[in-house]
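Starting from the known structure of chain E, fit chain U onto it as the hints suggest.
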Amino acid sequence: KQEVTQIPAALSVPEGENLVLNCSFTDSAIYNLQWFRQDPGKGLTSLLLIQSSQREQTSGRLNASLDKSSGRSTLYIAASQPGDSATYLCAVKSNQAGTALIFGKGTTLSVSS
Amino acid sequence: GAVVSQHPSRVICKSGTSVKIECRSLDFQATTMFWYRQFPKKSLMLMATSNEGSKATYEQGVEKDKFLINHASLTLSTLTVTSAHPEDSSFYICSASGGVGEQYFGPGTRLTVT
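From first to last, the protein sequence lines are chains E and U.
If you number the first sequence the way this note's numbering does, the last residue is 113 and the count never jumps.
If you number the second sequence the way this note's numbering does, the last residue is 114 and the count never jumps.
Excised from the complex, chain E in its bound form (with noise of 0.2 Å):
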């Protein structure tokens, strides 16, 4: 059974660092990855979705790259702000056609100003 894991669970730096935020899952016989951010209280906005046929992408200061065989994916925020200040959930859909995304517990980042 896949199982997701993000680290660190919360994170507070000051505003204008670069970050990394770690994904890992268990089965590597994945279709995507996705980042999710989630606000207080509010619904999920996908920020990226990586195809488990490429290695990255790229959306304004946000880098995702994925290691399909070591089970890997980092999310790089460049140049932090106060407004990125959210949950950040990865999540994966295995190879299986109408699957679900089983996510990880999620990083709380707060960027201090």
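Be careful, since some hints might not be right.
Stated by the list, open to error - Here are the simulated lysine-lysine pairs, BS3-like style, with alpha carbons at most 25 Å apart:
1. U/20 / E/1
2. U/20 / E/42
3. U/66 / U/42
4. E/105 / U/55
5. U/64 / U/20
Said to hold, decoys possible - Quick list of the computed label-pair ranges, beta carbon to beta carbon:
6. U/59 / E/70: 37 to 45 Å
7. E/45 / U/45: 13 to 21 Å
8. E/53 / U/76: 29 to 37 Å
9. E/54 / U/14: 45 to 53 Å
10. U/80 / E/46: 22 to 30 Å
11. E/9 / U/15: 43 to 51 Å
12. E/59 / U/63: 26 to 34 Å
13. U/54 / E/13: 25 to 33 Å
14. E/70 / U/45: 19 to 27 Å
15. E/59 / U/16: 21 to 29 Å
16. E/17 / U/8: 36 to 44 Å
Derived by calculation from the structure, the hints in this document are not laboratory data.
All values reported here derive from a predicted model rather than from experimental measurement.
Every residue, glycine too, gets a C-beta built ideally from N, C-alpha and C.
Same frame as chain E, now just chain U:
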């Protein structure tokens, strides 16, 4: 990207009553919809997978008679929490998929049972 809506966004009900939550895909046909539950400061836990026109598949530990799921059309799935209890209070999020690709999430429904 595709849009998924949920209604209501927030509901408060009394213990023992039933509550229905709707999930709609607004601009695409969703062959599969998923229902998740999220406890405070916890991750999303998959409750069930529903395919249009067939019975939902529930995850282990989720009571199918308590959490009734209906996926009557390619754009609508409903989750009914029957005989709600305070421990059912949670954040419920649906997602929809048109195939094997990206899933699109609704904004969630905050259920409070008093």
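- Please flag the earlier hints that this structure goes against, numbers listed from lowest up. Failing hints, ascending: 1, 4, 6, 11, 12, 13 and 15.
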